[in-house]
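Peer 1: Single-letter residue listing:
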Amino acid sequence: MSGAIPKIRVRGLKKAFGPKKVLDGVDLDVPAGTGMVVIGGSGSGKSVLIKSILGLVTPDAGVIEIDGVDVLKAPRAQARALRAQIGMLFQNGALFDSLPVWENVAFGLLAEKKIRRGQARDKAVAVLAQVGLADSVADLSPAELSGGMQKRVALARAIASEPAIMFFDEPTTGLDPIMGAVIDELIVDCVKRLGSTSIAITHDMASAVRIGDSAGMLLDGKIVWQGPAAGLLSSDNPYVDQFTHGRAEGPIKMALRR
Amino acid sequence: MNAVLNAIAHLGAVGLNALGLVGELAMFAGSGVLAVVRPPYYPRRIGLALMEIGFFSLPVVSLTALFTGMVLALQSYTGFSRFNAESAIASVVVLSVTRELGPVLAGLMVSGRAGAAMAAELGTMRVTDQIDALSTLSTEPMQYLVAPRLLAGIIAMPLLVCIADILGVMGGFLVAWLKLGFNPNTYLINSFSNLRTDDVVSGLIKAAVFGFVIALMGCFNGYRSKGGAQGVGAATTSAVVSASILILALDYILTQLLFSK
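These protein sequences, in sequence, are chains A and B.
The opening residue of the first sequence carries number 1 in our numbering; numbering runs sequentially from there.
The opening residue of the second sequence carries number 1001 in our numbering; numbering runs sequentially from there.
Possibly wrong hints are sitting among the right ones.
[Stated by the list, open to error] Over the 12 Å line for every Cβ pair with chain A, so calculated as not near, a few chain B residues:
1. I1008
2. L1108
3. I1131
[Said to hold, decoys possible] DSBU-like mimics (lysine-lysine), calculated; alpha carbons at most 30 Å apart, straight line:
4. K20(A) with K1179(B)
5. K14(A) with K1226(B)
6. K21(A) with K1179(B)
7. K192(A) with K20(A)
8. K1226(B) with K222(A)
9. K123(A) with K192(A)
Hint data in this document are derived by calculation from the structure and do not stem from the laboratory.
Backbone N, C-alpha and C define an ideal beta-carbon position, used for all residues, glycine too.
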């Protein structure tokens, strides 16, 4: 085992909502500059996992390290600085519908005072170009965009501050297969160009293989399998095999019946 | 026996839920007030909230105050004329409007308009992950979303009530002059001879408190809404109902405090 500190390290992460254990001792390592894909059924805790790392959900127990520092125990300012390295693409885009597209894209830069308001529109237009959107889009409202364009704007917002870590929450959900593939390509391009470390959660197996270096499967609050993303579709792990091939019969259904 | 125990358990659960909610509201209010005084400040957001709460509520508050003053003059005349006390109408109208009706009716109207809008906007932002997105973009949602609205509520409501007071008194004056045949000069002299500064100031203090309550309940209910469109609808209803009840209850408490001498 290499002595290098993973960019993100999670150990024994637990979170319950009332009697329901959503995360029940999750362990995972994401080395710097690599992309991990987490797959799992609806309600398996994928979103809670990344929201815990982001600090949007407070876990009940466990360790979350970014660059070797436990963000759950670090002073608030240090934890905030570590988490400020994370850019997030939300499942539905989560664009601010009261702001035009360019302000959405430049929002983080303005909040961190990395840029003056007068320069923000030009910077936003440049980032929009990186995700294949014309500058005519900049002054539109998010509600005026198609689903695919909203995803691109959300991706532009996530990459605008050139984050060292990127999270993608079901990036292709709700898109047609071609647009899904386009978004995947943009994600791979952006992550490579920025040299970021990424975690993506998805139900879309084609997308998982395209954007991940490694993969893990979350089931009943635990990571039940980890391996290379390229091996997802050929894995002989019964859980992964059933999930990736969408079979109704198999151990996951038995687990649900339990 | 079981039915009795179940009923007691149910009552206990309801009580605990209510206490939990009060605690949650108190924590939210505390965080909101801290967010108002702590930097960073968002002057643009404060300006937008002032427009939303103050400027856009002006027509409904103005009409409410005008008609209330008019009705008050008519009703007072009906009652007072039975014991030849018509000359007191001017004082009754001006004192009722400035001390009571101006702030309370403006509060109820703003709660129905701006409080509902706040809850709906924040509720939609919550269920579409926009509030989480703010956190991931180095922005504290309490400071960006809640603090400007609380501040705007405290500033805008007294301004609205000033206008409501003027229009309410004017409504009474117009009815007294044009409909009831009062001498306009005498009516105005009667109006202002009994009006003291603390009558107006106490109304404005009430207005500031009501403005805070309206913004607080709008933000609190929107901020914690969940469950999609239905949850946002429930949050909006809850914001208006809770703010309205709190306005009426606080009106009694403030009246007791401000006029107990």
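Peer 1: Does each hint hold? Answer for all of them.
Peer 2: How the hints compare with the structure:
1. I1008: holds (23 Å)
2. L1108: holds (26 Å)
3. I1131: violated (9 Å)
4. K20(A) with K1179(B): This hinted pair is violated, its Cα atoms lying about 69 Å apart.
5. K14(A) with K1226(B): Roughly 23 Å separates the two Cα atoms, so the pair holds.
6. K21(A) with K1179(B): violated (72 Å)
7. K192(A) with K20(A): violated (38 Å)
8. K1226(B) with K222(A): The hint holds at about 26 Å.
9. K123(A) with K192(A): holds (20 Å)
Hint violations for this structure: numbers 3, 4, 6 and 7, all remaining hints satisfied.
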